[in-house]
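Asker: Listed below, chain by chain, are the residues.
Number of protein chains: 2
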Amino acid sequence: MSNAVKLNNVQIESVVSLIQKVQSKPEVAKTNWKASVQWKGAFQSEAKVRDFAPVKSDEPTSLGGGDSAANPVEQLLGALGNCLAVGYAANATAAGIAIKDLRIELDGDLNLHTFLGLREGGNAGYEKIRAKVHLESDAPADKIAELHKKVIGTSPVGHTLSRPVPVSIELA
Amino acid sequence: MSNAVKLNNVQIESVVSLIQKVQSKPEVAKTNWKASVQWKGAFQSEAKVRDFAPVKSDEPTSLGGGDSAANPVEQLLGALGNCLAVGYAANATAAGIAIKDLRIELDGDLNLHTFLGLREGGNAGYEKIRAKVHLESDAPADKIAELHKKVIGTSPVGHTLSRPVPVSIELA
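For the protein sequence lines, the chains are A and B, in the order given. At position 140 of the first sequence (counting the first as 1) the number is 140 in this note's numbering, and the numbers step up by one without a gap. At position 62 of the second sequence (counting the first as 1) the number is 62 in this note's numbering, and the numbers step up by one without a gap.
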């Protein structure tokens with residue numbers, strides 16, 4: 001019987017239980033997330049989260065790196081895609097929509113002038129980020145449109161990127 | 001002799017050569033970065049960048065996931081730390097500063113109300129992100145302070161997070 005509620009293989013009971021917890025105790029929703037990064041020489045570093053194996057980072061040779069891993073701005077796009085995938089899986093499951101396949105292509109435009117120190121005070125970050133969502137499902141188009149709207153309105157990484165976030169960077 | 005210019009193990013010639021290219025042909029600085037994400041069922045997915053092995057994503061059990069990898073908001077913090085590491089390595093090398101060790105601790109506050117659909121139109125993203133930089137170097141304090149200021153002013157991921165970026169998310 002427990003398989004019947006595992007639409008999209010999602011443990012929806014855990015999410016429902018968390019929602020109930022937050023409803024009775026709103027402070028449960030205040031979360032803090034952490035990562036730590038260790039520099040490995042040159043443009044290589046590793047990001048560690050909880051007890052998971054560290055994930056490598058490097059730059060392409062064109063940017064002076066050793067080209068051994070995705071670079072930080074590519075990792076950012078990956079984080080957005082992964083966040084959207086969770087959003088579709090969670091909200092589709094809550095809406096009774098079965099997902100057959102889900103693939104997200106992301107890209108972003110970035111002008112290197114500021115990063116390279118060739119202009120002062122400019123924007124070193126992405127100017128524009130695009131995500132193309134390939135969602136296969138037998139659900140009717142209006143249900144999919146509703147799902148899509150919900151995912152966009154509730155995406156933690158999507159909102160972090162589209163809003164200005166106070167970022168404090170301090171020497172310890 | 002080539003070791004002499006490889007301070008911090010950085011291939012500074014590649015960066016200098018890129019700067020020269022951009023100075024003579026500004027459009028070289030206009031870059032586009034890509035990633036693609038494949039949903040793997042439940043809250044699991046994989047982000048792929050160029051030809052590198054896919055990097056896994058999942059949610060903790062408290063959020064209904066299988067707890068098999070860092071989640072997207074943790075990945076975002078990792079991307080920021082990796083970006084800062086490149087920034088310190090590049091700018092320290094350009095300034096003739098040797099880095100003995102560099103470690104960055106990151107954390108961020110996120111309220112789950114919007115993500116869980118418990119409030120409409122709210123912010124699902126980070127409210128605040130902090131990075132603590134542990135930099136070991138024999139360089140004088142004023143040189144380190146200057147380096148730090150430069151890194152903050154030129155960080156692609158730092159700027160992406162601290163500014164509002166137009167993010168378009170569309171069903172293909």
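These are computed hints drawn from the structure, not numbers from a lab. Incorrect hints may have been included.
[To be verified] Calculated pairs, DSS-like style, for lysine-lysine (alpha carbon to alpha carbon, straight line, at most 30 angstroms): (1) K128/A - K143/B; (2) K132/B - K149/B; (3) K21/A - K149/B; (4) K25/B - K128/A; (5) K132/B - K56/B; (6) K25/B - K150/A; (7) K48/B - K132/A; (8) K48/A - K128/B.
Asker: Take a quick look at whether K132/B and K149/B sit within 30 angstroms of each other, Cα to Cα.
Answerer: 14 angstroms, holds
Asker: If you draw a straight line from the CA of K48/A to the CA of K128/B, is it 30 angstroms or shorter?
Answerer: 20 angstroms, holds
Asker: Would you mind confirming whether the straight-line C-alpha gap from K21/A to K149/B stays at or under 30 angstroms?
Answerer: Roughly 43 angstroms between the alpha carbons, so the hint for K21/A and K149/B is violated.
Asker: Does K25/B pair with K128/A here, judged by a C-alpha cut-off of 30 angstroms?
Answerer: Given pair K25/B, K128/A holds - Cα atoms ~22 angstroms apart, limit 30 angstroms.
Asker: Between K132/B and K56/B, does the CA-CA distance stay at or below 30 angstroms?
Answerer: Status holds; Cα separation ~26 angstroms.
Asker: Need the status of pair K25/B, K150/A: alpha-carbon distance at most 30 angstroms?
Answerer: Roughly 43 angstroms separates the two Cα atoms, so the pair is violated.
Asker: Straight-line Cα separation of K48/B and K132/A no greater than 30 angstroms?
Answerer: This hinted pair holds, its Cα atoms lying about 15 angstroms apart.
Asker: Straight-line Cα separation of K128/A and K143/B no greater than 30 angstroms?
Answerer: Judged against 30 angstroms, a Cα distance of about 34 angstroms means the pair is violated.
Hint check: violations occur at hints 1, 3 and 6; the rest are consistent with the structure.
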